[in-house]
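Q: If you count the sequence shown from 1, you need to add 30 to reach the numbering used here.
Please note that the accuracy of each hint is not assured.
Here are the in silico distance ranges between beta carbons for each label pair [what the hints assert, rightly or not]:
hint	residue 1	residue 2	range
1	142	180	13 to 23 Å
2	156	254	36 to 46 Å
3	368	197	40 to 50 Å
Since the hints were made in silico from the structure, they are not lab data.
What you are looking at is a predicted structure, and each value in this text was computed from that prediction instead of being measured.
We treat Cβ as the ideally placed atom computed from N, Cα and C, and that holds for glycine.
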Amino acid sequence: MKKNQFYLILLLSFSSCTLPNAGPLAKKVENTKNIEIVTVTPSLANSMIEETKQKQKERLEAALRELSYAKKAEDYRLQPGDTLQISLWSFSSPSGNIQEFQKSEISPTRLGDFQINSHGNISLPYIGLINTSNKTQTEIKDLIKKKFQLLKIWDSPDITVNATSNQNGIIVTGSIGDPKILSWNPGGVSLARAITLALGNGTSALNENSALDNSKNAINVAIIRNNHEIDIPIPEALANNIQLEPADKIIIRREPAVKVTVLGGGISKNGLYGFSNTPSLASIIAEAQGLNPNTANSTKIFVFRRNKQYQSILYVFSWKDGSGIISSQLFPINDGDIIYVAESPIIPISRVINTIFQMALPATIAR
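Let the sequences and hints guide you as you build the complete structure.
A: Encoded structure:
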């Protein structure tokens, strides 16, 4: 058998089988069953980016409306576990006349710190048990003062009460370093103030570096109120006058807003990519170091997406002319999308030819 005939038979035998390649070719992707296929034009891509911007605006406005309904700050009601710092004040004057207060000697006595037990009681010297359940700091002060006045041991006794409680405080945690509990202020606490106090110098939360390769992180604030979570970007949290409620919880998250998987033998660098804002298809391809000039089928680039009804949609982009590139620059990529760039159909044939030459070379050398 002549050498040329041998190569021809070998080529035919390889062409009759399927050699492995980096994912399905474009034609097989388009023949996928039970999937909606949409060819993207510049006008469609432009309408989709406007729709994405509108949805983002509506989500932000809804979150700000919900946060604007914070309850009016009220005096804190004491609860079991709170600690009361109580001091007794009294004075005496030579004549016993209160008008001679300036001549008297003020005598403060710190009675100590008293924790409210599970029944809502504290125990004070000379007085015994006092129930603090559902009382404000002012109400418990007046109650203790009356008790000491009835004892008639001190001249015009007065009481100061300072309550220490973390149960009504604002919890700030997440990407801020150490978690913080901020004491509730009877005058109210704004979200911007709580974030500023918790961040300190801000370096830990505002650093956008991440372990995810080529990623950029968005910094978002989640406010948890009554077991319900409301999310807003941190610039909006700082710019708007958002009033918190007692015992609100704040979680600062630093993570990509959009994570996208890039696959296929036609892309230079497959991987998972993260972005702080909604990226375009073109920007993601650029982040993945562009199309592979040796293998890419630039005539068909695909974006796989699942909509809210869990239906699969395949968006198709053709880079045969400028309209496909324009569409890619405008088209918004959603979190969870998959971008697939197939190999050119010629690549499997090239593999066949390369395999033939690799097999033929040892035989040639042996001869």
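Q: If I claimed the Cβ atoms of residue 156 and residue 254 lie 36 to 46 Å apart, would that claim hold in this structure?
A: Given about 44 Å between the Cβ atoms, the range holds.
Q: Is the distance from the Cβ of residue 368 to the Cβ of residue 197 consistent with 40 to 50 Å?
A: Between residue 368 and residue 197, where Cβ atoms are some 47 Å apart, the hint holds.
Q: Regarding residue 142 and residue 180, is the given constraint of 13 to 23 Å on their beta-carbon distance met?
A: holds (21 Å)
Taken one by one, the earlier hints all hold for this structure without exception.
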